[in-house]
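With chain A fixed as given, assemble chain B onto it according to the hints.
So the sequences go chain by chain: A and B.
Under the numbering used here, the first residue of the first sequence carries the number 1, and numbering increases by one thereafter.
Under the numbering used here, the first residue of the second sequence carries the number 1001, and numbering increases by one thereafter.
Watch out, some of these pointers could steer you wrong.
Distance condition first, Cα-Cα at most 25 Å in a straight line; then the derived SDA-like pairs of lysine to any residue [unchecked claim]:
id: 1; chain 1: B; residue 1: Lys1033; chain 2: B; residue 2: Tyr1254
id: 2; chain 1: B; residue 1: Lys1208; chain 2: B; residue 2: Tyr1254
id: 3; chain 1: B; residue 1: Lys1076; chain 2: A; residue 2: Leu31
id: 4; chain 1: B; residue 1: Lys1033; chain 2: B; residue 2: Leu1207
id: 5; chain 1: B; residue 1: Lys1076; chain 2: A; residue 2: Val25
id: 6; chain 1: B; residue 1: Lys1076; chain 2: A; residue 2: Pro132
id: 7; chain 1: B; residue 1: Lys1045; chain 2: B; residue 2: Pro1175
id: 8; chain 1: B; residue 1: Lys1076; chain 2: A; residue 2: Val130
id: 9; chain 1: B; residue 1: Lys1076; chain 2: A; residue 2: Arg29
id: 10; chain 1: B; residue 1: Lys1031; chain 2: B; residue 2: His1066
id: 11; chain 1: B; residue 1: Lys1031; chain 2: A; residue 2: His216
id: 12; chain 1: B; residue 1: Lys1076; chain 2: A; residue 2: Trp18
id: 13; chain 1: A; residue 1: Lys169; chain 2: A; residue 2: Phe58
id: 14; chain 1: B; residue 1: Lys1033; chain 2: B; residue 2: Leu1192
id: 15; chain 1: B; residue 1: Lys1045; chain 2: A; residue 2: His216
id: 16; chain 1: B; residue 1: Lys1076; chain 2: A; residue 2: Lys169
id: 17; chain 1: B; residue 1: Lys1031; chain 2: B; residue 2: Pro1175
id: 18; chain 1: B; residue 1: Lys1076; chain 2: A; residue 2: Leu86
id: 19; chain 1: B; residue 1: Lys1033; chain 2: B; residue 2: Gln1090
For the record, the hints were derived by calculation from the structure and aren't laboratory data.
Owing to the predicted nature of the structure, the values given are computational and were not obtained by experimental measurement.
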Amino acid sequence: MPIRLILDFLAAVGQRAWFFGATCVAAPRALRRPALIVEQVFFVGSVSVILIGVGGLFVGLVLALQFYTALSRFGATSSLGGLVALALLRELGPVLTALLFAGRAGTSLASELGLMRATRQIDAMEVMAVDPMRRIVAPRFLAGIVSMPLLAGIFSAMGILGAYLVGVKMMGLDPGVFWSSMQHEVSFHSDFVNGLIKSAVFGAACTLIAVYEGFHARPSAEGVGQATTRSVVISSMAILALDFILTAFMY
Amino acid sequence: MGDEALIRLEDVHFGYGSHAVFSGLSMDIPKGKITAIMGPSGTGKTTLLELVTGQRHADRGEVRIHGRNLGTLSRKALFRLRREMGLLFQEGALFSDLSVFENVAFPLREHTRLSNILIHHLVLMKLEAVGLRGAALLNPSELSGGMARRVALARSIVLDPVMMFYDEPLVGLDPIAMGVILRLIVHLNKTLGMTSVIVTHDVKEVLKIADGSYIISEGRVVAQGSPSGLAQSRDPWVRQFLEGAPDGPVPFNYPARDFASDLFASGALP
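Chain A on its own, in the form it takes in the complex (with noise of 0.2 Å):
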């Protein structure tokens, strides 16, 4: 029986090992349609950035309040919106956006291509002669990398300003020390281009799993919804090993 689970297992790496090949293969014919890509773009930026923007908000704010207790204690608090920008800028942005973007965003590509799966629109386009590599998957997979460091960027701006709010108008801290720490503590290449290339992979991640569950549903309504759950499911847990990953490399 294990060894069954194990085949079982390397099967289904297999396959979507192949499937992100033969989107890596159909996107350079994608980029020739870039209308195709910016359409996606919109579909999932609409989708997820207010829940992004409202999320890093709260995050910030709870980030500096936490902080600010702590520091406190050893009478540092002026460094705290450093010590908030880092957090952010390493770990947080890129994580906390990914696992919303697969909650909000991933489902709703899942459920989009396992319905069109459901309701032949696939067949329909193979036998149209039309390739659904290279008309649906990859405009949304380049989609997905494009969009996330951005929303990650959006969830970041608001986790700072949510700092902002309760470091400087709530506890009194002087604007010039929170600003000025943040610009000595935060470093452009280590801390902010890192975090986007996080965001980056997080986005192809999270794009490719949701499209890979979808366009591989059961075509039914219980495969639809099987497909949206373990899409968001299979990429948390992809984010959160890929972070440690990514982390261990860059830092």
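Below, chain B alone, put in the same frame as chain A:
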């Protein structure tokens, strides 16, 4: 049928896992004619269309179109061949995120570099042909089943295919919509010279318009010929199928053990 065959199936075997769907199916589909392929539910009529459009490949035997074996074509060559095909899905399979107009325009936008004006004209012409020019701006979700199927028909003929496949085109339609679809099939066949294949179990309706027909059952052709020839057939199987008699060579009941012992056996069923 002495005419030149456009599509030829030779001794096709196909199965899903251990379940055999076709075992030695052979048929010729002549150019420019309407061929009906009939059979009881579950005889693999839809699978047959999947084989002919290259969505699936035969386990054994050959499916030839223009004399070329689909099983050995590259994906590129298969896609080129598919541009000559139109397939009307039973479900319609319209793209739910596109309007009626954009659905019909889809193959044009994907396969041609025509100007927007030309695409506009072509789409409206095809929609006019199916009587739905007025519905161009609706979304697929706003259409009735019959309308959706007519839009799907317009979409599948927009590239003027050489061959047209219809998967159960009459299922679930009211008599008027049925008449409309049948008239369209004949009209398209005559005016565009298409080779049409209709897969169906609506025997009476389709035999009115078909030039030739095949009846398949249990993986092979059990009868073939012109509609009038089939109507005079003495074969008990064909008679039962055409007349829709409940019992005959094809049993109504799924195989089971004796009714009485099933009813009175204790603890036999959960």
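Let me make sure I understand: some of the numbered hints might not hold for this structure. Which ones are they, in numerical order? Going through the list in order, the structure violates hints 1, 2, 11, 16, 17, 18 and respects the others.
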